[in-house]
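Undergrad: Given next are the chains, with one letter for each unit.
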Amino acid sequence: MSNTTQLLRFITAGSVDDGKSTLIGRLLHDSKSIFEDQYSAISKTSEKRGMTAVDLSLLTDGLQAEREQGITIDVAYRYFATPKRKFIIGDTPGHEQYTRNMVTAASTANLVVILIDARRGVLVQTRRHTYLASLVGVPHIVLAVNKMDMVDYSQARFDEIVAEYKKFAAQLNLHDITCIPLSALNGDMVVDRGDKLDWYKGPALLELLEKVEIDHDVNTSDFRFPVQWVCRPQTEEYHDFRGFMGRIEAGEIAVGDEITVLPSGRTSRVKEIVTYDGKLQTAFAPQSVTITLADEIDISRGDMFVKSSAHPPKVAKEFEAMLCWLSETPLDKNRKYLVKHTTRTAKCFFSSIDYRVDVNTLEQHGAATLNMNDIAHVAIKVQQPLVFDCYATDRATGSFIVIDEATNNTVAAGMIA
Amino acid sequence: MSKHTFTHLDALESESIHIMREVAAECKNPALLFSGGKDSIVMLRLAEKAFRPAKFPFPLVHIDTEHNFPEVIACRDKLAADLGERLIVRSLEDSIKRGTIVIKNPDLPRNPYQSVTLLETIAEFGFDACMGGARRDEEKARAKERIFSFRDEFGQWDPKNQRPELWDTYNTRVHAGENIRVFPISNWTEMDIWEYIGREKLHIPNIYFAHEREVIRRGNNVIPVSHLVQPKPGEKVEVVSVRFRTVGDMTCTAPVESTARTVDEIIEETSTSRITERGATRMDDQTSDASMELRKKEGYF
Numbered sequence: 001m002s003n004t005t006q007l008l009r010f011i012t013a014g015s016v017d018d019g020k021s022t023l024i025g026r027l028l029h030d031s032k033s034i035f036e037d038q039y040s041a042i043s044k045t046s047e048k049r050g051m052t053a054v055d056l057s058l059l060t061d062g063l064q065a066e067r068e069q070g071i072t073i074d075v076a077y078r079y080f081a082t083p084k085r086k087f088i089i090g091d092t093p094g095h096e097q098y099t100r101n102m103v104t105a106a107s108t109a110n111l112v113v114i115l116i117d118a119r120r121g122v123l124v125q126t127r128r129h130t131y132l133a134s135l136v137g138v139p140h141i142v143l144a145v146n147k148m149d150m151v152d153y154s155q156a157r158f159d160e161i162v163a164e165y166k167k168f169a170a171q172l173n174l175h176d177i178t179c180i181p182l183s184a185l186n187g188d189m190v191v192d193r194g195d196k197l198d199w200y201k202g203p204a205l206l207e208l209l210e211k212v213e214i215d216h217d218v219n220t221s222d223f224r225f226p227v228q229w230v231c232r233p234q235t236e237e238y239h240d241f242r243g244f245m246g247r248i249e250a251g252e253i254a255v256g257d258e259i260t261v262l263p264s265g266r267t268s269r270v271k272e273i274v275t276y277d278g279k280l281q282t283a284f285a286p287q288s289v290t291i292t293l294a295d296e297i298d299i300s301r302g303d304m305f306v307k308s309s310a311h312p313p314k315v316a317k318e319f320e321a322m323l324c325w326l327s328e329t330p331l332d333k334n335r336k337y338l339v340k341h342t343t344r345t346a347k348c349f350f351s352s353i354d355y356r357v358d359v360n361t362l363e364q365h366g367a368a369t370l371n372m373n374d375i376a377h378v379a380i381k382v383q384q385p386l387v388f389d390c391y392a393t394d395r396a397t398g399s400f401i402v403i404d405e406a407t408n409n410t411v412a413a414g415m416i417a
Numbered sequence: 001m002s003k004h005t006f007t008h009l010d011a012l013e014s015e016s017i018h019i020m021r022e023v024a025a026e027c028k029n030p031a032l033l034f035s036g037g038k039d040s041i042v043m044l045r046l047a048e049k050a051f052r053p054a055k056f057p058f059p060l061v062h063i064d065t066e067h068n069f070p071e072v073i074a075c076r077d078k079l080a081a082d083l084g085e086r087l088i089v090r091s092l093e094d095s096i097k098r099g100t101i102v103i104k105n106p107d108l109p110r111n112p113y114q115s116v117t118l119l120e121t122i123a124e125f126g127f128d129a130c131m132g133g134a135r136r137d138e139e140k141a142r143a144k145e146r147i148f149s150f151r152d153e154f155g156q157w158d159p160k161n162q163r164p165e166l167w168d169t170y171n172t173r174v175h176a177g178e179n180i181r182v183f184p185i186s187n188w189t190e191m192d193i194w195e196y197i198g199r200e201k202l203h204i205p206n207i208y209f210a211h212e213r214e215v216i217r218r219g220n221n222v223i224p225v226s227h228l229v230q231p232k233p234g235e236k237v238e239v240v241s242v243r244f245r246t247v248g249d250m251t252c253t254a255p256v257e258s259t260a261r262t263v264d265e266i267i268e269e270t271s272t273s274r275i276t277e278r279g280a281t282r283m284d285d286q287t288s289d290a291s292m293e294l295r296k297k298e299g300y301f
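Going line by line, the protein sequences match chains A and B.
Using my numbering, the first residue of the first sequence is number 1, and each one after it goes up by one.
Using my numbering, the first residue of the second sequence is number 1, and each one after it goes up by one.
There's no promise every hint is true.
A partial selection of chain B residues facing chain A, derived with a Cβ cut-off under 8 Å [what the hints assert, rightly or not]: (1) H8; (2) E22; (3) R213; (4) R217.
No lab work stands behind these hints, which were simulated from the structure alone.
In this text, a Cβ means the ideal position worked out from N, Cα and C, and glycines have one as well.
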């Protein structure tokens, strides 16, 4: 790998029947990312189960419980690299009851691969996965039309599926969709192009993963720096040092820039940008740095630095959001919860559930409560003001989680409208 | 960002620093598990990047099986001293004396018992979060574990009941008596670790580099001869050029045959290696397809 290898995070969505595990297995196998001991383990298992060929889908089989039941029960992460990029795959199950896992895995992804069985075409679950990808704001979508070998590699069938899919996707806020015909079983158009799909002129799956442009997936214009930790060494050498540590979530900053601390609204100038490897003149998202200021003002964890010149985030104690309920215990509108947003945690309650979205039809319905896997538009009141952007502008400052104080479980994920 | 270069190592490093700072800010009494192995040496550098110019806001903790390679223990002590950070060492021997660990044969691998001493140490100091250098690419049970992994009062991991982890917004909350394990380098691979050791010029124990060593062959494994492992009748002692890919319990950590004497040569070898790190070197993981999952459920890292 060179010194400029980039990291791409992607997820796969589809059911076992769509050949999702086989596709991941094929990607790992053909990019030479499977090790001998892993291969020999799955060969033995395939043989034991009476299969004639090695079942590549066994590679993504994880826990004992899953092997017993033959299903995938949770998000698993896989890693592989080519000379061009390093990849993290979030492998999510396709069962209806596990929508929350897809939302979870999609939240950190640059790209989602949505699998379709070429024989069955666009199904309810295809619509669901696409809607969830748009909800969570995954920047790039790949529609992988799998099992092309079962439809004689027919271009007409592929075109038909693509037309239907694009018609549906047009209702959603998706900017970058690529449709690829492939056969995970035979390895056509996954890593190698194969010789059965000559009519298709676009990129093979791996080729696309290697070249999709991800530099602009992060908001590069509006500087956002949530303070994580205040560094006060209190040693002789660093007697007066007061550094504000955190990760730049968006935009960039330079020494001398004027910043505003929110929610207080006090302003100062950047004196130094400190890192272990020396001081910097400028820093950008998603670097983790330490910032010192020219003035001594009261700042603690949970505050956010923004650049005074850029367009400001909102500072409010009430906001609206799309919420995905993740817990088996339904939402209780009479209860208080905690919201964790960037580095700030505050008490909150839900002042209204405006509507619930049927993820299969996109229809809106009224709802008195929310159950696991429900997605709804809600209004939230928080005890302290939050400093936020809308999720569509900035994933990092527009997202939050909801925690139930009684159990300490993460019960919901929210995207600020 | 096209005007800046931000590589996969930069991205991983920034993610790990962010995780460590979240732990420091939100947990009352965290600790960083440090063994002197390569992954935990990377963790120390990341902690320096996260907290300097201040001291670490947590102590280093090592659970010593007393089956460790002396080179690794020496490296552990030197690094902690050089950094001026507090190192707490608790030994399996203490648990054995207390009677909380009963072992049949003192020379057999001790990894299965580590969880007992770890849980006792967590209770002794009241740690609510322990950071460890485990990676998801090591093993399939780890591939499914969260970065912030919640443990109940018995230190148990329940794979079917994990907290969903979204964006980089981590839920660090626990009730009294419970704790979390945090894995800041979850998303790093063995290759990333070696590239980072090279980039940062980290000092690691010399047994990671190729050296001549007396070994015996048992089945597919090459086993180093030590005071704990002696040849059985009929076994032949050979001198082979080997290096260790992991450095755990001396009785169950097998070296690989290698001539790689520098980090660059190890990177070269790793990129062409056809066997996983644990598959090559950990005999205790080969006993059952689910052995790591079972140990994790019992409170092992």
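Undergrad: Confirm or reject each hint.
TA: Structure-based check of all given hints:
1. A distance limit of 8 Å between C-beta atoms decides the matter here; for H8 (chain B) the minimum to chain A is near 4 Å, and the interface restraint holds.
2. The interface hint given for E22 (chain B) holds, since its Cβ lies 7 Å from the closest Cβ of chain A, which is under the 8 Å cut-off.
3. Of the supplied interface hints, the one on R213 (chain B) is violated, with its beta-carbon coming no nearer than about 23 Å to a beta-carbon of chain A, more than 8 Å.
4. Because the beta carbon of R217 (chain B) sits about 17 Å from the nearest beta carbon in chain A, more than 8 Å, this interface hint is broken.
Checked against the numbered hints listed earlier, the structure breaks hints 3, 4; every other hint is satisfied.
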